[in-house]
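Peer 1: If you read the sequence shown in our numbering, its first letter stands for residue 8, the second for the next number, and so on.
Calculated directly from the structure, the hints in this document are not laboratory data. A few of these clues could be false.
[As the list claims (entries may be wrong)] The following label-pair restraints were derived from C-beta to C-beta distances:
#1 Glu388 to Thr317: 23 to 29 Å
#2 Cys46 to Glu119: 31 to 37 Å
#3 Leu92 to Arg32: 41 to 47 Å
#4 Glu388 to Pro140: 52 to 58 Å
#5 Ser453 to Ala228: 37 to 43 Å
#6 Arg449 to Arg47: 55 to 61 Å
#7 Gln455 to Val96: 29 to 35 Å
#8 Asp297 to Asp106: 39 to 45 Å
#9 Ala147 to Thr54: 38 to 44 Å
#10 Gln89 to His66: 14 to 20 Å
#11 Arg116 to Thr54: 27 to 33 Å
#12 Pro95 to Ala417: 47 to 53 Å
What you are looking at is a predicted structure, and each value in this text was computed from that prediction instead of being measured. Note that CB positions come from ideal geometry on N, CA and C, so glycine has one too.
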Amino acid sequence: MNTVKLRKRISVLDRSISILQDQLRVLEAEKADLATRLCRSTYLVETLPPEITAQIFMHYIAALEGPTLAPALLGVCRTWRQVALGTPVLWNDIFVSSDHPQPDALLERWVERTGPRIPLYLELNTTSRTMEPLLAVVGAHATRWRCVALRMSIPCTFGLAPSDGSGSWDSLEELEVLAGPRHAAVLSPVTGLFRAPRLRRVRVEVFPATQLVLPWTQITALTLLEQSLAQCLMIISQTRQLEALHVSLTNRHTRHRPISLVLPALRRLTIEDDAVPSILGYMTLPQLTDLDVGGHVDGVIPLVMRSECTITHLRLSEMDLDSQAVYGCLRALRAVTHLVVSSPEPEFFPDFLRIFAAASYHTEDPPVILLPLLQSFVVEECDSVLELESILLLLEARCKQRQGYALPTALLRTFCATFSKDCVDEDEQFKDAILAIKNLVREGLSLQIDMPWHWQSHELNWHMIQELKRPD
8 MNTVKLRKRI SVLDRSISIL QDQLRVLEAE KADLATRLCR STYLVETLPP EITAQIFMHY
68 IAALEGPTLA PALLGVCRTW RQVALGTPVL WNDIFVSSDH PQPDALLERW VERTGPRIPL
128 YLELNTTSRT MEPLLAVVGA HATRWRCVAL RMSIPCTFGL APSDGSGSWD SLEELEVLAG
188 PRHAAVLSPV TGLFRAPRLR RVRVEVFPAT QLVLPWTQIT ALTLLEQSLA QCLMIISQTR
248 QLEALHVSLT NRHTRHRPIS LVLPALRRLT IEDDAVPSIL GYMTLPQLTD LDVGGHVDGV
308 IPLVMRSECT ITHLRLSEMD LDSQAVYGCL RALRAVTHLV VSSPEPEFFP DFLRIFAAAS
368 YHTEDPPVIL LPLLQSFVVE ECDSVLELES ILLLLEARCK QRQGYALPTA LLRTFCATFS
428 KDCVDEDEQF KDAILAIKNL VREGLSLQID MPWHWQSHEL NWHMIQELKR PD
């Protein structure tokens, strides 16, 4: 290309650039005008009365688990900051870690924002051996704490004492103590909490429960996780007013001398894995109605016979549903009205469902009906395929009277199932089965199926669930 053509091309580009620059200046002017108008605008959310905004904050934060997000509200906008600071109840759930900068000053400032008469919930995470300044602030507000949760990441000493010298925690209703597994054996006792007249609920995990100096005789709800058998028996023997008990044992426990633990008020019992056969033999629970066992059912029937109790709510988790022990347990517990099966073994669960249906036929004389008073059947965290045939067989056998069936004393009214994953199968070939289940729903069955697993076309799928939920 010669010089004449180059100059001509440059001239054309200059004109194009000039035109574009003019257009750009127009756009920039329009943008500036819009930005000015936007700054003058008022967002609709900012027009809400502060009382309404505060109610929204309280509703949202109350639904959360763990420490609240109240501090995060301070950095959103000036309006939200003013509302958050003017709503003391938003600050009643306090989380402080000992590795925060000046944790004692932070805790004191947080408490100041709550107002003088609001009960407080404290979660204290210890990552430092020097806890005295922080614990001094906790003790200074001893009468304010309704719930205290201590998380011990390293060995430290918890000497909690009210600063007024009274030694009383007048509002404390719930205490949680959690230790890291590496430090459980070297932790010092937690003291200073013995005078807590309203303390009723205690949860201890890994931390040796016998290292807690508490008014055990008044506790009504107790959770002991990762404890030795000896520690559990020692603490439970002091808590004769228990109404709810949850126990899991460490793998490092030995046989204990024979003792009898009669808990006359206990209604709910949760026992995990190895603790089932290890601890049930020591207990007599005449008021037990709600039983949750994991891994094994060994010892359940002797417990029921010895206690002469009536189990109405039964939960089985992570166990071999194909075992004769489970079948025998279900045959014996004839008063159960609510059954929950959690994390069932994939290969056995379809057959487990079928035995509830098959037992309703006249196959034996007299016919054997598993859980004849069953009204609610819940499946939790199912990571296997759930065959539509098994569900339909169960529901038709237990939800209505049909020719050839032995009618249970009670009819199943609720069936719920939750799964680990969603499914993508949209096969439509089972409309008859869907219609049959829909008819049962019309007759009063409450049906809920959430998050189904990815399964094959001959089983319950996402499309079927959408059909079940669609209005007629």
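Peer 1: Of all the hints given earlier, name the ones this structure violates by number, lowest first.
Peer 2: 4 and 5
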